[in-house]
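Peer 1: Full structure from sequences and hints, please.
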Amino acid sequence: MAQASSNRPISPHLQIWRWGPAMLVSILHRVTGNGLTFAGLGLLLWWIGAIAGGEQSYQTFIAYVWTGTASPLSGLTSILGKVVLIGLTWAFFQHLATGVRHLVLDVGAGYELDANARWSVLTMVFSVLATALFWAFVLLPR
Amino acid sequence: MGNGTSIGRVRGLGSSHHGAHHWLATRLTAVGNLVLIPYLLVSLALLPGYDYQSVHSWLAQPVPATALVLIFINTFYHARLGVQVMLEDYVHEDAGKIAAWLLVNIVPFAGAAFGIVSVIRIALGGA
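Those sequence lines, one after another, are chains D and Z. Position one of the first sequence corresponds to residue 6 (my numbering), numbered consecutively onward. Position one of the second sequence corresponds to residue 2 (my numbering), numbered consecutively onward.
To be clear, the hints were calculated from the coordinates, so they are not data collected in a lab. C-beta atoms are modelled at their ideal positions from N, C-alpha and C, and glycine is treated no differently. All clues stand as given, with none of them false.
Chain Z stretches covered by chain D per the calculated footprint, using a threshold of three residues with CB under 8 angstroms from any CB of chain D:
(1) 55-63
(2) 76-88
(3) 113-125
Peer 2: As structure tokens, then:
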């Protein structure tokens, strides 16, 4: 890019600004979006491919991602698998909430400083609560 | 492309004439995901179990199989658009830009194709 090699002044970068909720959810939207892309879609492909491959390949998937019963290595990866799955659920709900926030901002609403900060914080409250509810529903006996 | 005025230099380059489409397609696929992914999460949460039979017989039904095919199209398209914006922000060298361009135009199609073929195998009783 032309600007990268010229002596033109560049805008103040990350460390200059005082952090606020809007900044935080903005970067969270990008981080969660890319996390969902590379980890989430990758895992989704492994999952669907394993089911299509038959019972044995599905068992391998489950062992390496959740139960850890296939081998010592799977015992290790299954810990990572649980962290990644729960993390992806949170990332999805966070990306969903900040995505809806973007749709609201697109129509020109929610730019007042108070409202903007309040809704930014609420996206994070929502994502944590929704993640907890989802996993409570899946894991708790019913 | 002209080389006199500023607007002449910009025409035909970069996102000119395409920015609105990229922006709109991102929103459109976002709304699609807003319906499809909660459907997937609720369906998974309501499954009677996570053994092979439970998951396979659920996915083999027409509506879940259709939803999964739509998910592979919609999520990979949405992800491709988002990753492109991220790469445009952070990759500035020519070689990196070419690699990024190849990446966002090839990998999502390969991934979505593999996912859709897998759903078809499940739904039509393959494997």
